[in-house]
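Here the structure of chain L is known, so what remains is to put chain F in place on it, guided by the hints.
In the order they appear, the protein sequences are chains L and F.
Here this note's numbering is used: the first residue of the first sequence is 89, the next is one more, and so on.
Here this note's numbering is used: the first residue of the second sequence is 13, the next is one more, and so on.
Mixed in with the good hints, there may be bad ones.
[Stated by the list, open to error] For lysine-lysine, the following BS3-like pairs were computed, each having C-alpha atoms within a straight-line distance of at most 25 Å:
{"hint": "1", "chain 1": "F", "residue 1": "Lys-104", "chain 2": "L", "residue 2": "Lys-209"}
{"hint": "2", "chain 1": "L", "residue 1": "Lys-209", "chain 2": "L", "residue 2": "Lys-169"}
{"hint": "3", "chain 1": "L", "residue 1": "Lys-169", "chain 2": "F", "residue 2": "Lys-104"}
Since the hints were derived computationally from the structure, they do not count as laboratory data.
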Amino acid sequence: MGQQYRVAVLPIVSARGLTKKFDDFEAVRGIDFEIARGEAFGFLGPNGAGKSSTMRMIGCVSPVTSGTLRLFDLDPATSGKEIRARMGVVPQQDNLDSELTVFDNLVVYGRYFDIPRAECKSRARELLDFVQLSDRADSRVEPLSGGMKRRLTIARSLINQPELLLLDEPTTGLDPQARHILWDRLYRLKQQGVTLVLTTHYMDEAEQLCDRLVVMDGGRIVAEGSPRELIAQHSTREVLELRFPAGTNAERARSVTDLGERHEILPDRILVYADDGESVLHEVHARGLSPESALVRRSTLEDVFLRLTGRSLVD
Amino acid sequence: MTTPPAVRVWESHMTLLKRIWKTNLTLGFVQPILFLLGMGLGVGSLVDARTASSDALGGMGYLAFLAPALLATTAMLVGSFESTYPVLAGFKWEGTFDSMAATSLTTRQIVAGQLLWWATRVSLAVVGVTVVLVVVPDTRSWGLVPATLSAVLCGLSFSTTVGAYAATREYDQSFNYVQRFVVTPLFLFGGAFYPIEALPGILKPIAWVTPLWHGVELTRGFVLETIGFFAVLGHLAVLFAYITLGLYLCDRYFARRLYR
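Excised from the complex, chain F in its bound form:
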């Protein structure tokens, strides 16, 4: 009986997770709750008090507007982080990828196993947020199911592309750039905290091409039931395109680094 190679690579991460799951799962809940309280209630009370802003959100409360987007932002934060230091460690400090490359595994199998692990890691974090959203009456809906899945895809579009980038890096300082010029700006300008229509004209197209905005549109659309069929298809297509590109680059850069 044989097990698919990707699953066997994934098992190595799971072996560790089984030992440290407590801290990982509890930490997953903390951040979204902080954002819900801080932004949702705090900023929300200001926003909801003004009719004009409430109209801009389509008549919904700010908490309901913000909360589903946290699925996508959490996925982005966890998905991109998991591909920075841990990936460089696998090449540089710990050499776990090199140790895998010396076995009968191929690069493609190593990358596939990595994808499974990223999916697991992002899912754990996103499901933590989902649980919080089930508790909040404004967002309690069956739409949370497809929203959660979309968030995972959003996270993977970051994991795969950032992971490919990490495979080309020599120093971890590079990850500051990812944080400063990709993750933080997207977090702020990707449509999570306000509709991107509120942005100046030039910034809008930038939001359109980044995976976060598509993830936010999907999660919000599903939870609040405001999204149409073709919009879903379009957003999913973009996320899958990113994941495909990311995987292609991972395969290429992992191979280049491992088999010198």
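In isolation and in its complexed conformation, chain L is listed as follows:
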């Protein structure tokens, strides 16, 4: 948006040894990353991995504990205001003004950036059109559905025509229709040259939207690359999912452990990671095993994610 002519020399965001400590808790433990202009970059990780803390530092609303962070080659510690002026933020929790109308939420927010009132209004109209909320312009925010509020928050984040858009779990809690509308809008923004930085724990979202991503766990980056690269590095091309009658998994598993590159025994299924799932399945049948069901599927980011961050629950 207005920045297409800029030559992408410097990364739009760069971090070296970035840490964030809250009292004695270290939420981010020394991470390095660079985000190029125009890129869609994702932070993946389970709850408590340090994604939101990292996003807040990038958003210049959380001071860096140590390490360096640069946005537009500026230091948040000294130029927070200038950086924030060029950035849009969609926080994890919608913080719209629930008492104002949909339209006024955008105008008021635009005024915070000192955009002239008339310009705010014309941008607000365009943005409501963009997020398909024009017919709700005069409605109050409070009765809107979750998906509508999310779209409004995204519209609001665009009022200052940002070069960089931060989205913290943009689609958590939304129904599939609402998610697909949002993905479509975000994809259009990316095509217009807006750099997207998002956190998510939906792997399909990351695969849909991100050119490149990092997986965080326990405050550290544990993997980095494009979705395809990550799958290639940390998983196999395909996965064979075998389901045996209840309670017999562990016993049957012994006869397939030598198949594929890696396997995983879950309470209800056995996963065999292999580049050619079909041939492994043939071998399973050849050994006289008859699973209740067998499914060969492509590896997804979810496999990578679970491999890297484990299957235990994090709360």
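Frame of chain L; chain F shown alone:
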């Protein structure tokens, strides 16, 4: 053309006020009228009947004594309330302050905008009382102009300090303490309903250090033309000191809460 940041923050409140001004303004009138009728006429008829009490008030009627003080008490009630739930909501339930902090605004600008809004909100309420006092013959005077301004300052000394306190709170139960241990006692013991000379010795100094008493002295003094130049300066100095302290603390606590 640029607009000062504080004004742009204030605009957000005004956008809402434009939609709900009717209820806000009508409610402003109701409470002082109730007090004037209930206390001024009711208690007043008892007080005025006794020569000794009338002397204690400097020979004036009780209604005339009480009415100007309502400017200051209204300012305190509205000024402190506007800094409790609405401020915590901005941090906690609605997140409006967080949404502002993500823009090019700085904490100082957010606080300055908040100050403008508090001033507007308190003024609206106080002017409602002023209008009532213009109608009452005992208090109809040009002194209402400086009295109204003093009341607004009195209200702001509460808004700023209570607002700073609210920025440090996690739960709204804390505001019960403000109400029970600050606002209600001051309302009763701050010199609005009787001269603080009537209080036992230990309570007097407490009245002296609280902003309400200074506000009451100013509003009453201006309306009844019983206040001297140096007294005005002294009382104003205290109110400005509170506002300055309150703003300093707001800046500090808002920043601490927004930029964690």
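Given the hint that L:Lys-209 pairs with L:Lys-169, does the C-alpha gap stay at or below 25 Å? 23 Å, holds
Does F:Lys-104 sit within 25 Å of L:Lys-169, going by the straight-line distance between their CA atoms? Given pair L:Lys-169, F:Lys-104 holds - Cα atoms ~23 Å apart, limit 25 Å.
Against the 25 Å threshold, does the CA-CA distance of F:Lys-104 and L:Lys-209 hold or violate the hint? 28 Å, violated
Figure legend: structure checked against the earlier numbered hints; the only hint not met is number 1.
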